[in-house]
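There are 2 protein chains.
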Amino acid sequence: MTLSETTAVQRTLQVALDERSYPIHIGTGLLGDPAVLAPYLAGRQVMIVTNETVAPLYLDAVRRGMPADIEVQELILPDGEAAKTLESVSRIWDALLAAGFNRRCTLVALGGGVIGDMVGFAAACYQRGVSFIQVPTTLLSQVDSSVGGKTGVNHPLGKNMIGAFWQPRAVLIDIDTLRTLPSRELSAGLAEVIKYGLIRDAEFLAWLEAEMPALRTLQPEALAWAIERSCALKAEIVAEDETEQGVRALLNLGHTFGHAIEAHQGYGSWLHGEAVGAGMQMAAELSRRLGWLEQYDVERSAAIIASAGLPLEAPMDMGVEDFLSRMRLDKKNVDERLRLILLETLGRAVIHDQTPRELLEELLATFPRS
Amino acid sequence: MTLSETTAVQRTLQVALDERSYPIHIGTGLLGDPAVLAPYLAGRQVMIVTNETVAPLYLDAVRRGMPADIEVQELILPDGEAAKTLESVSRIWDALLAAGFNRRCTLVALGGGVIGDMVGFAAACYQRGVSFIQVPTTLLSQVDSSVGGKTGVNHPLGKNMIGAFWQPRAVLIDIDTLRTLPSRELSAGLAEVIKYGLIRDAEFLAWLEAEMPALRTLQPEALAWAIERSCALKAEIVAEDETEQGVRALLNLGHTFGHAIEAHQGYGSWLHGEAVGAGMQMAAELSRRLGWLEQYDVERSAAIIASAGLPLEAPMDMGVEDFLSRMRLDKKNVDERLRLILLETLGRAVIHDQTPRELLEELLATFPRS
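Chains as they are written, first to last, in our numbering: chain F, 1 to 370; chain B, 1001 to 1370.
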């Protein structure tokens, strides 16, 4: 059985990072096909790391996709952001050492962004660095964590505080896995897809406006293109700024407002993508008030965010000061300026630290709540 | 006060690793001089990490060497290889976060190899990588850990199993710190110095034969040159093979036998350098039996190892099978060959995996014990 016979949709995107370049394979029927995984296994030892939610759904398929001569170990971690700790990564290291895995072993990260971040970090530091393969199973991780090489864990005093930049050998995105994804999480992933259009690709944004129904009903061709284009746009930005010194900040469109919403509501109450959806609309409205966007642009932005099933309004109980404090702005120091990602046009974002403080506070006071 | 007025001896060696290149400053009176440290501080936040043995001796001096506008935090960890754990590195991360240190902070590793390895690893993974400066205070760490970028910690199932390759911004070797080093540890450091001569530099080896008394009585000029030449030789090898795929294995001369001795006696009973001393002599003797070295060469090797105050004989209670099992050789599988670092001449080492098993066992049976 060759690859072309088993997969109805198959696209490949190359992420160019010199000697750390790797392919992203996007398609249907990828899991369970040994021809897909085999080229990326460094040695004969593989550990599949997944979580309690994903294991019953896809672990068998990934195991079936292993060539016959490979020693396969499995590790199932708890699900959720609360498990994204150094202790969980230590469990991976314990399991690798207990199994006698050497420097030519390969880790497979099967799950969403939390699993990908932890397994990537475990690979970065096991014997000073071994290979790993990402198999992201949520739309968010497919379009976000697949590209960029950021790995790590949370610390009680901060998210993603401990980690490393470490690139996978390959990313396998089987869009069939989205069939089991809750619709709310699909929408949250679409927030990041829309973000790529807003910050860098007006044509892609127009395509998303037309194809949003196809995406929300999981049409494979539409999903594959949305994922490929998102990954390509992120890869362009990351290639320009691998270790996050400059342009990579554009990826934070909607995130400053979004993080404030997530933190104020308590993480997990709003999904990250939901907060980013509302946050992007806040950035669009602020961009209009700065004279960059037209009212028409703001309505287009609102329409596409809403069509993805995302909120357009901030939480009812969140006041101006709640926002300011979460954005680490001192109420008394009105000279203090915030570095924000804003939109010059739909399709071009900029880093801007000259927003007058009264304009920002006016936005926070008048932006719709629900 | 300028640098030249405060330091009687001052040498600088550049380690060339493209954008990760850094200088090694070697001299007297370096600690306590702000002009030395200042150029390598990335931001305004510095954490000095040291251990309980070194802190009372040199922490004040390093603190005095900080420019006045720097926020300095300190962390004192337990001394010894047993403290080289992920838990200790976690304490560094906890302290950095508690102090609100950002991505432009700098860690200073003040101590021997254990401190250097842990602080380097903490720097590699704090917010996905921050700057660090090595201030090695033992001869072994000055000539070994200063170059190579290996960082990490031990795991109950293996030494140095968790870690990263991460280069310092600079290495400051103040040879005054050797005045407080126990003489046995000075000898252990000299084992690695001799090793560099044996594997790669016959002229340096001849110089060591003449200057060993000056080194053991801590003559600054002699120490500075021995350290500089050792670091330069290691840097040449590391530059050829940064992530340890090939020629870097030559640095393991004497280490296969040495590790067997250390493990059999219990770590800490023989110092690493002592075991390497005896191990190098075993490698020299095996090289003679393979027809490469003359009897005269073996006697020269023995003389210089002995003159450094190192043992020339294996432990009395260690039999052939003790060696074989510690070297992971199966007694029954006589076809199995060991990859050893051996000497073609004094000053040129090779990687050799064709030593006949009976020749190896004969060496192990007949090598002197005490």
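Hints were generated in silico from the structure; no laboratory data involved. All values reported here derive from a predicted model rather than from experimental measurement. A few of these clues could be false.
Examples of chain B residues lying across from chain F (beta carbon under 8 Å, computed) [claimed, not checked]:
| id | residue |
| --- | --- |
| 1 | G1129 |
| 2 | A1164 |
| 3 | P1315 |
We put the CB at the ideal spot given by N, CA and C, even for glycine.
Here is how each hint holds up against the structure:
1. G1129: 7 Å, holds
2. A1164: Holds, about 6 Å.
3. P1315: 28 Å, violated
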